[in-house]
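Okay, here's what each chain looks like letter by letter:
Protein chains: 2
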Amino acid sequence: MDQWTISGHDNFHLPFAQPLVNPNRMATTDTKPYMQKLGRSARQAAKVLAIANTQAKRTAILAAARAIESKATYLVEQNQLDLNRASENGLSPAMVDRLRLDRSRIESIAKGLCQVANLEDPVGTVMAKWDRPNGLQIQRVRTPLGVIGVIYESRPNVTADAGALCLLAGNAVILRGGSDSICSSTAIHQCLVEGLKTAGLPVESVQLVTTTDRSAVGEMLQGLDGNIDVIVPRGGKSLVARVQAECRVPVFAHLEGICHTYVDATSEIAMAVEVVHNAKMRRTGICGATETLLVQQDAAASHLLPILERLRDSGCEVRSDEAIGARFDCIAATQNDWSTEYLDAIISVRLVADVGEAISHIQRYSSGHTEAIISNDAKAVARFMSEIDSAIVMHNASTQFADGGEFGMGAEIGIATGKMHARGPVGVEQLTSFNYRVLGAGQVRPS
Amino acid sequence: MDQWTISGHDNFHLPFAQPLVNPNRMATTDTKPYMQKLGRSARQAAKVLAIANTQAKRTAILAAARAIESKATYLVEQNQLDLNRASENGLSPAMVDRLRLDRSRIESIAKGLCQVANLEDPVGTVMAKWDRPNGLQIQRVRTPLGVIGVIYESRPNVTADAGALCLLAGNAVILRGGSDSICSSTAIHQCLVEGLKTAGLPVESVQLVTTTDRSAVGEMLQGLDGNIDVIVPRGGKSLVARVQAECRVPVFAHLEGICHTYVDATSEIAMAVEVVHNAKMRRTGICGATETLLVQQDAAASHLLPILERLRDSGCEVRSDEAIGARFDCIAATQNDWSTEYLDAIISVRLVADVGEAISHIQRYSSGHTEAIISNDAKAVARFMSEIDSAIVMHNASTQFADGGEFGMGAEIGIATGKMHARGPVGVEQLTSFNYRVLGAGQVRPS
Chain A
2 MDQWTISGHD NFHLPFAQPL VNPNRMATTD TKPYMQKLGR SARQAAKVLA
52 IANTQAKRTA ILAAARAIES KATYLVEQNQ LDLNRASENG LSPAMVDRLR
102 LDRSRIESIA KGLCQVANLE DPVGTVMAKW DRPNGLQIQR VRTPLGVIGV
152 IYESRPNVTA DAGALCLLAG NAVILRGGSD SICSSTAIHQ CLVEGLKTAG
202 LPVESVQLVT TTDRSAVGEM LQGLDGNIDV IVPRGGKSLV ARVQAECRVP
252 VFAHLEGICH TYVDATSEIA MAVEVVHNAK MRRTGICGAT ETLLVQQDAA
302 ASHLLPILER LRDSGCEVRS DEAIGARFDC IAATQNDWST EYLDAIISVR
352 LVADVGEAIS HIQRYSSGHT EAIISNDAKA VARFMSEIDS AIVMHNASTQ
402 FADGGEFGMG AEIGIATGKM HARGPVGVEQ LTSFNYRVLG AGQVRPS
Chain B
2 MDQWTISGHD NFHLPFAQPL VNPNRMATTD TKPYMQKLGR SARQAAKVLA
52 IANTQAKRTA ILAAARAIES KATYLVEQNQ LDLNRASENG LSPAMVDRLR
102 LDRSRIESIA KGLCQVANLE DPVGTVMAKW DRPNGLQIQR VRTPLGVIGV
152 IYESRPNVTA DAGALCLLAG NAVILRGGSD SICSSTAIHQ CLVEGLKTAG
202 LPVESVQLVT TTDRSAVGEM LQGLDGNIDV IVPRGGKSLV ARVQAECRVP
252 VFAHLEGICH TYVDATSEIA MAVEVVHNAK MRRTGICGAT ETLLVQQDAA
302 ASHLLPILER LRDSGCEVRS DEAIGARFDC IAATQNDWST EYLDAIISVR
352 LVADVGEAIS HIQRYSSGHT EAIISNDAKA VARFMSEIDS AIVMHNASTQ
402 FADGGEFGMG AEIGIATGKM HARGPVGVEQ LTSFNYRVLG AGQVRPS
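Sequence order for the protein chains is A and B.
Under the working numbering, think of the first position of the first sequence as 2, with each following residue one higher.
Under the working numbering, think of the first position of the second sequence as 2, with each following residue one higher.
Just so you know, these hints were derived from the structure itself, not from any lab.
Fair warning: this is a prediction, and the values are worked out from it, not measured in the lab.
Watch out, some of these pointers could steer you wrong.
Copies of the same chain look alike in the list, so a pair counts if it fits in one copy or across any two.
Said to hold, decoys possible - List of simulated lysine-lysine pairs, DSSO-like, C-alpha gap at most 27 Å:
no., residue 1, residue 2
1, K38, K380
2, K48, K380
3, K130, K380
4, K238, K198
5, K38, K112
Next comes chain A alone, as it looks inside the complex (with noise of 0.2 Å):
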């Protein structure tokens, strides 16, 4: 049985031999050339993915579906070599669920990586296009972005999922996942590198950073010498400001979900009910839960009872201003509630007197993420639509619907706050650039 090693550049033979990955096998001083190494190869994969065609990429990412659902043992056998590690360094409960893989996670991670194949490869599409008085025909034209650094903690399918979206909009891609699941994720990019030899493309186009050595953060936030043109964080607050704060390259990234409701008098009592319990209490750990609830001062005798009672029979605990403390038994908030992403089964319920108080209270503690109206006020809604500038604003639907599978997207790489390129959910047109196409019959341009 061949040996092989770990990175996209080196042979992969089949069946899986145990994999040499040592965490800590590459000293610091000698990340910084690797790290660039990867850059240049990247870039290099980079120009030949722009102009691969469609059929290509989708024969890659399906094969490697194959790859990973042909060897769920293998998967499964490295992953335990990750969760040992785990439980010797004591990880949360919560950190051991997010590393786990079993059969059925793998299978949906193949599953996933089918879907991702199936959608339109949007490189090459043309945006728009008109005629000039003069002649020229100007089209805007679908291009890859180039070269994608996605840091990620220790969600194993993020090696898949977002390998496999870049790859589909025509970017290579450097994957850096957290050093907890690396023996994961090295299995995992071996099937990638697998369905790319089986497509016929670089096997550069997707790699993994083998070191665990946290400089190599540091070495992707400065762009490894301009081949690097977007980073994508994946994780918790901590590693996304880390990014945001050191970042030499653009960054897709929200830094939390701090998402509110906002339901009037004239709403429907039972639409509010059902939709404030769902924005809160569907998933709770989700970046599109709401975590503050504002309800409008008129709405509080018949709107507010109702609301609490349904969060409350879910086990949700509702922390509130003084005006609704005197009326309902509740947690007093602090000053720091409104601030807060509970990520939990919390809630922030605040009184205001209408939609411009409400209005003013997201913009002084809204990430940016998402934001509801409840109302059947065409006034207000036509006002908190046009004034909330948030990702994503809706009007008598639940918050949790911020998320690139439920607009119709296919999957998403996540979800942007930033204003510039990419809001709301990214998913692979998103994960695109555009150039123009001048075409003309021998036009010059007059004095």
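Following the hints, position chain B against chain A.
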């Protein structure tokens, strides 16, 4: 007559008094808090502008145009102060010319403002909309970017052009012009502020940095505590290079325009001669001027002589590779020539085997601005158009068409070669962001 000060915050009384501009009036230690205040004021103004209606923005721009026309004498006087200082400081004739405002230039500034006022307001445009199976209606709607920082050199007209474009797109703008043109820029800025007042818009919507302390630029590049969303540098290579190197916020810019025209053997000789001549010689100082001509070997005997003769007849210096030098009397090009933006009546010329070698040369030396192919070979054209990843690629047309006006975008604030958000001409539409608006009827997301 009231005295008045020169920042957008303060009172502004007509008729215009002698401004209190003293280019050195502000000590470095005062600059940081002064700039921070500009940032905060801009952010506040941006919130109002974001929801201002089209009519108000147009009124402001048209009133500014009228103010500029009616204060022409005052503008000439203020410009004379700059010209006097320029002559004391020994500025080059080219720089003095750029600085000069005469009646005709003032008229054209006013006319430019009227043209911007007549552009379509991009804010609120529904870029895309679709329905989901669950009945949710999703819209992607254009929104302003927020606050734009414009850093420019001695052309006082940028004050008006950039101010008006940002304003129409619903953005607040902080303008930092060169110290050489401070009196002229200040006078133009006063007209913009008068326009804002006429329209009832915040005077802080367009602010001019009135200190000429160079650390003001450094403060802008740091983003003024998150109060600048994008920087647009307008000026020479050294300004742009500094901005790109130091800036902590996104930048819309091109460092230089090393544009190429490739002529192959299938092209019509007469077309090739005229297009190359126009691409190089129409105006040699603009970023879309062709700097390097690549000619297919098979076209050397047929195309090269008439192309070079036409260039030389117009006074263009030709620097060629050895193969061409052996046939024609040319200056020998050095390695350096292939990466030089002459901005002058000089062209570098090289023979290449085919479109593949032309693409390789361009991928190596291009600055990613604009490249053209002159050819009647559909296969070569398709390859060139898809493999060249510059902001603009052209077929059978002069690279001098690389311009927002020529693209039908109306005025442009510049041309960007980055791949993020805005690429190619940056017009009013490119100065916007977008968000998603989701319209529901009480939908909740299934578990």
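How the hints compare with the structure:
Taking the closest pair of Cα atoms, K38 and K380 never come within 27 Å of each other, the shortest separation being 57 Å inside a single copy and 34 Å across copies. With identical chains, the CA atoms of K48 and K380 are at most 27 Å apart between copies only, with a shortest distance of 19 Å across copies and 51 Å within one. Proximity of K130 to K380 under the C-alpha cut-off of 27 Å is restricted to the inter-copy arrangement: shortest distance 21 Å between copies versus 36 Å within a copy. Taking identical chains as interchangeable, the C-alpha atoms of K238 and K198 are never at most 27 Å apart, the minima being 36 Å within one chain and 43 Å between chains.
Taking CA atoms no more than 27 Å apart as the test, K38 paired with K112 passes in neither setting, with 32 Å inside one copy and 53 Å between copies.
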